[in-house]
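Once you've looked at the hints, dock chain B against the given chain A.
One letter stands for each residue in the lines below.
2 protein chains.
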Amino acid sequence: MQRKLSIGTVERLIHYYRCVEELIIEGQTCISSEELAEKTGYTPAQVRKDLTWHGALGVPGKGYATDVVQQVLRKLLGKHRPRLVGLVGVGHLGLALLRHPDFHKHGFHIVAGFDKELTKIGHSIDGVYIYDVSQIEKVCPLLKIEMGLVAVPPLEAQKVSDALIRAGVLGILNFAAVRLSVPSHVHLENVDLSIELEKLSCRIEGWL
Amino acid sequence: MQRKLSIGTVERLIHYYRCVEELIIEGQTCISSEELAEKTGYTPAQVRKDLTWHGALGVPGKGYATDVVQQVLRKLLGKHRPRLVGLVGVGHLGLALLRHPDFHKHGFHIVAGFDKELTKIGHSIDGVYIYDVSQIEKVCPLLKIEMGLVAVPPLEAQKVSDALIRAGVLGILNFAAVRLSVPSHVHLENVDLSIELEKLSCRIEGWL
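Top to bottom, those sequences are chains A and B. Note that this note's numbering has the first sequence beginning at 1, numbered continuously upward. Note that this note's numbering has the second sequence beginning at 1001, numbered continuously upward.
Bound-form chain A, shown alone (with noise of 0.2 Å):
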């Protein structure tokens, strides 16, 4: 069985990875542990744990190489391929999700839209084509889309998901205020917008 990380883990290589690939593109070859800390907002000794761990060993005095570092964490986060989208809703959400910069950038790529409403089927958005609601079982097995972004009213959250999961989607992130059922080979992610005003809530308050 594969060895599974925490989501804190899986959050700082993350960001180790979108650090080392900025500083490539600059072309700086080495960084020190210390320099990647102060970067990313972690300690050196949790840097230096974290990438021996994952196998990506720094030398004494001159640090960890950056190619070396994102070869590592690229196959880790699943990045050694682009992963296809399709987004399900393209209402005010959908459409900021759509023209989101940073998903293509990371390597998500929003292949297909799927609405219900007849005045957005059949055009293309930013070079991204809006099927029909109910074609979501035929287009995302052609366009090999393995993630689906649901960004639709509550109510039809779970139908929608539904449709993706007999589509053969394996990650669902879901922005419906909703608690969804899927499969236990399905992922889900929630990103609950609320949740993050609440959390905001209580620092002001002082518990956080």
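Any given hint could be a false lead.
Pairs of lysine-lysine, DSS-like flavour, derived with a Cα cap of 25 Å [what the hints assert, rightly or not]:
id	chain 1	residue 1	chain 2	residue 2
1	A	K39	B	K1159
2	B	K1004	B	K1049
3	B	K1039	A	K159
No lab work stands behind these hints: they were computed from the structure.
Here is chain B on its own, set in the frame of chain A:
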């Protein structure tokens, strides 16, 4: 000094609160730790520990009075008074936030929008007036806004945050994919949607 809670604890308390709030609307006056655990996805032992620790005492064999749990958690989560929120950036993401069905329900009221586009300034959207972004420092104190949503492009995010901070805002929820610098008395939460996709990707790879 005020006792601090972990992010995990705060998330659990938010879910308990939302659950008992719904139960109260449905007329349920009592709930067992087992039932609350089942509805929120935690263990009964965790529920009992959390509620006891925060002063909501159950009655053996009967469970917890829903109104007592609500009262205890309401104060703790800062929900005893409405939170007035200013939205900076009324693009697609901003509009999705403005129309988010849950913000109002959970006590967060967007009372002003700010944008730099002349076609938006001076209009009301769903009852929320849109001001020129240059008016942040003037409008926020007048409307007693204490939280800001930053939904502008990355390059503009620091500038509008600085204006919100000068306007006396205590908490910022940042949607721009950029690290903001804020003084220590201001609380910052970042929502990085591409990180959520990365996590989902790691789940598909079997690391999470």
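Hints versus structure:
1. A/K39 / B/K1159: 21 Å, holds
2. B/K1004 / B/K1049: The given pair, whose Cα atoms are some 16 Å apart, holds under the 25 Å limit.
3. B/K1039 / A/K159: 21 Å, holds
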